[in-house]
Amino acid sequence: MKIVLTVLLITFSMVGYGQTDNTMGNFDTSFVHTVYFWLHNPDSQEDRAAFETSLQKFMEASAYAKTKFIGTPPRASRDVVDGSFTYSLIVTFESAEAQQKYQDEAPHKLFIKEVGHLWAKVVVYDSKGI
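Numbering-wise, the sequence shown is residues -18 to -1, 1 to 112 according to mature numbering (1 follows the signal peptide of the UniProt record, and there is no 0).
Be aware that one or more of the hints could be misleading.
Straight-line alpha carbon distances no greater than 25 Å define the calculated DMTMM-like cross-link-like pairs of lysine to aspartate or glutamate that follow [to be verified]: (1) 103 <-> 29; (2) 103 <-> 28; (3) 48 <-> 96; (4) 110 <-> 64; (5) 91 <-> 79; (6) 48 <-> 79; (7) 39 <-> 28; (8) 91 <-> 34; (9) 95 <-> 42; (10) 91 <-> 76; (11) 110 <-> 42; (12) 48 <-> 87; (13) 48 <-> 108; (14) 39 <-> 86; (15) 95 <-> 108; (16) 103 <-> 86; (17) 103 <-> 87.
Source of the hints: derived by calculation from the structure; they are not laboratory data.
Given the structure is predicted, the values throughout are model-derived calculations rather than measurements.
Hey, can you work out the whole structure from these sequences and the hints?
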């Protein structure tokens, strides 16, 4: 339940306030792909740098991802906020079909090959707009 509330909070924050950098385009509510990563060694600056570099390279190369948000957990201010993850990724797509193509594209597979060994756990939430 905490993770679901966190996803909703992040999503509403992004829709309402947006991002100040260029990775956040117009938030498309057609299909939202939210991924949480827990690294084996979250305190390792080397692992974090490798993960961030590979993820940013993947997001820049993806032909299908529209909105591209990479985040880390803020200091939790309430009990309902789950800050146990190391990184979050929120990506939007124009359709479920586009999201499937993203799953199969070479940059996604390269990202998993390059840094998949760094994470202990991954949780994915996919949502369609209402």
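For each hint, the structure was consulted:
no.: 1; hint: 103 <-> 29; verdict: holds (15 Å)
no.: 2; hint: 103 <-> 28; verdict: holds (18 Å)
no.: 3; hint: 48 <-> 96; verdict: holds (23 Å)
no.: 4; hint: 110 <-> 64; verdict: holds (23 Å)
no.: 5; hint: 91 <-> 79; verdict: holds (17 Å)
no.: 6; hint: 48 <-> 79; verdict: holds (13 Å)
no.: 7; hint: 39 <-> 28; verdict: holds (17 Å)
no.: 8; hint: 91 <-> 34; verdict: holds (16 Å)
no.: 9; hint: 95 <-> 42; verdict: holds (17 Å)
no.: 10; hint: 91 <-> 76; verdict: holds (21 Å)
no.: 11; hint: 110 <-> 42; verdict: holds (23 Å)
no.: 12; hint: 48 <-> 87; verdict: holds (14 Å)
no.: 13; hint: 48 <-> 108; verdict: holds (15 Å)
no.: 14; hint: 39 <-> 86; verdict: holds (16 Å)
no.: 15; hint: 95 <-> 108; verdict: holds (22 Å)
no.: 16; hint: 103 <-> 86; verdict: holds (20 Å)
no.: 17; hint: 103 <-> 87; verdict: holds (22 Å)
Of the numbered hints listed earlier, not one is contradicted by the structure.
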